[in-house]
Structure formats: structure tokens, C-alpha cells
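Peer 1: What follows is the residue order along each chain.
Number of protein chains: 2
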Amino acid sequence: MLKPEKHDPLNRSVGHVLDIIGEGWSILIIREAFLGTRRFEEFQGRLGIARNILTARLKKLCANEILDRVPVKEGAKRHEYILTTKGKEMMPLLVALTHWGDKWVYGENNKPVIFLDREQGEPIPQVQVYSAQGEVLRPRDVMIKAGPGATREARERIEELNKNE
Amino acid sequence: MLKPEKHDPLNRSVGHVLDIIGEGWSILIIREAFLGTRRFEEFQGRLGIARNILTARLKKLCANEILDRVPVKEGAKRHEYILTTKGKEMMPLLVALTHWGDKWVYGENNKPVIFLDREQGEPIPQVQVYSAQGEVLRPRDVMIKAGPGATREARERIEELNKNE
Numbered sequence: 152m153l154k155p156e157k158h159d160p161l162n163r164s165v166g167h168v169l170d171i172i173g174e175g176w177s178i179l180i181i182r183e184a185f186l187g188t189r190r191f192e193e194f195q196g197r198l199g200i201a202r203n204i205l206t207a208r209l210k211k212l213c214a215n216e217i218l219d220r221v222p223v224k225e226g227a228k229r230h231e232y233i234l235t236t237k238g239k240e241m242m243p244l245l246v247a248l249t250h251w252g253d254k255w256v257y258g259e260n261n262k263p264v265i266f267l268d269r270e271q272g273e274p275i276p277q278v279q280v281y282s283a284q285g286e287v288l289r290p291r292d293v294m295i296k297a298g299p300g301a302t303r304e305a306r307e308r309i310e311e312l313n314k315n316e
Numbered sequence: 152m153l154k155p156e157k158h159d160p161l162n163r164s165v166g167h168v169l170d171i172i173g174e175g176w177s178i179l180i181i182r183e184a185f186l187g188t189r190r191f192e193e194f195q196g197r198l199g200i201a202r203n204i205l206t207a208r209l210k211k212l213c214a215n216e217i218l219d220r221v222p223v224k225e226g227a228k229r230h231e232y233i234l235t236t237k238g239k240e241m242m243p244l245l246v247a248l249t250h251w252g253d254k255w256v257y258g259e260n261n262k263p264v265i266f267l268d269r270e271q272g273e274p275i276p277q278v279q280v281y282s283a284q285g286e287v288l289r290p291r292d293v294m295i296k297a298g299p300g301a302t303r304e305a306r307e308r309i310e311e312l313n314k315n316e
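Those protein sequences? They're chains A and B, same order as listed. Plus 151 on top of the position in the first sequence (first one is 1) and you've got this note's numbering. Plus 151 on top of the position in the second sequence (first one is 1) and you've got this note's numbering.
Just chain A, same shape as in the assembly:
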């Protein structure tokens, strides 16, 4: 199959995200890392994942700079996996994905997991798209324009989209 990201430079970054989260287990490993899991044995025990698959996924998450493999302390032989800045910035994506999935699979009143604000102990509201003024935006309130990194092809597609509105 023609890979979307090969075809259209506009879509390279979507391809990158799916390459990272789309593979079985990867997103669950990232979620565990957010929940504080660091050691290989902990990931293995909590996810019940085969060791060879976990090894491959952790390697790839490190190669993609989502996780960093570091000694547990200076000079130690044992290693642990911690989220990089790039990995930490996945949080809104991960929370939005879980909120949406739980709502539409389990239903609003039947969610298996609730995210809490640690300090207040209150549930975290649904992740929303806000305007710079803080208003919640619906799909019809959003449009796109070409950014500084748009190729000519991308620019033309965006112009065509906006023309057709």
C-alpha cells in the first residue's frame, strides 16, 4: 500500500505519530510511563506483555526519542526508562485519546479509568480545543492555513480547501 506520508508532505507528521502510537502495545507502554512505571520488569508485570515484544517496543520508543534509557543511578548497570520532553508533551494527546475512547466504548457513566488532578483530587475535564481567547471551539470554528514549512503542494491543497468553503 502507498503510505500516506510518502505521498503528501502535509501528512508526514501524522505518519510519524501513527508510527509511534499505532503499533500494538506502544501507547500502553507510554501510558504506563506517564503513570510512573520505569523499570523493564515493572512494564512487563503490569502490562503482561511478552519480554521480546516489550524489548522491541522500548527500543523503538527510545529510537523515536519518546523514552530515554538511563542508568538507575550514576555508574549503575541497571537501566530505567523515562519520558523525554517529546514524550511528556504527548500528554494532551494521550488524555484526549483515553477520554474519547472511554466515552465511546464504555459510555460516559461507565468509564474504567478517571484522570484526577493530583492536587485537588478532582476529575480532569474533557480535553477541548480552545481559541486564544479561551472559548471552546467546535469543528466549524476551525480553519487551516499554510504554515512556514508548507511545501508548494501543501500550500496549493490548503488554498483549494479554503476556496471551496
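Because the hints were derived from the structure by calculation, they are not lab data. Some hints could be false.
Which copy? The list can't say, so a pair holds if one copy fits it or any two copies do.
Straight-line Cα separation of at most 27 Å, DSS-like style, residue types lysine-lysine; simulated pairs [said to hold, decoys possible]:
| # | residue 1 | residue 2 |
| --- | --- | --- |
| 1 | K228 | K210 |
| 2 | K224 | K314 |
| 3 | K224 | K211 |
| 4 | K296 | K237 |
| 5 | K296 | K254 |
| 6 | K314 | K296 |
| 7 | K314 | K239 |
| 8 | K211 | K239 |
| 9 | K254 | K239 |
| 10 | K211 | K237 |
| 11 | K210 | K296 |
| 12 | K254 | K228 |
We have chain A already, so just place chain B on it with the hints.
Peer 2: Below, chain B alone, put in the same frame as chain A:
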């Protein structure tokens, strides 16, 4: 491979999301729908996707109730694809995914696409996770608890996670 969602009921909804967005092209079709594309020919032309693949993906997106296939007007033979409520609620996920992907693939100053608030014409700020009080939450500010739909297995895993902190 053992599918994650089969193994752990906590992860069924993540499995559902990845089933929808993980397959090549699906997320790009959803994004086109958000940008106003409705007709088969338009999707085909704008994405440059093979007709048989587009047919299969649209069918699955309808089966998963992301898109709805409706006559262009009452009694018409031609159909178009419109986002359902379930599909529209993917917006925060989609914007978070694009923001993150663009930032980490192209870099902050080299983004191919910029989302604008249609009314103000201003760029949409990064999607964030907020507390009920409106504060931006970082990973360490978030914890989880079992929801009403948690199975005993999920409940035990969440308790173990929280115990280890």
C-alpha cells in the same frame, strides 16, 4: 501477537481508538471530513488515495460510526459522508495529534499547517490538559482512579499503581 485490548479490559478503549485511527489513511480521511470534504470524489482527489482503499476505509469509518453516509438531498441517489457526533468529538484528539506531530517532525517554526480560529483568524493554542480550575496540568500533576466501569482486574492494577508512588 496477543492484542493488548484482549488482554486487559482497562485497554479496550485504546484498542478501539487505534483500530479507527491506526489504519493507513483513516485519520487523513477524518481530517479531510473536518476540513469540509464530503463526497467520495473529493476525498479521492484531495488525498490521492486509490478508490478501492478509500471505499474500504469509508465503509469501516461508517461501521465505527465516525462518518454517516447520507443522500446529498432527500431522495437523491448520490451520497455524501458527514461526521457523526462521535466523529466530531475526535477534534481535540486530532488537533493534539497534529500539533504534536508537526512540532516534533517539522519543528515549532517550520510547521506545514496552522489551525486558525475562524472568527478571530488567530492561531489555535497548543491543546493542553487543564484542571477543573483551569490550570495547565503537567504529567506529574495527574493521577488515575478506578471509574464506575472498572473491572476487578483494572481496579487492582490501579490500586497497585497508586500504592507504588
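Peer 1: Of the numbered hints stated previously, which ones are contradicted by the structure, given in increasing order?
Peer 2: Violated: hints 11, 12.
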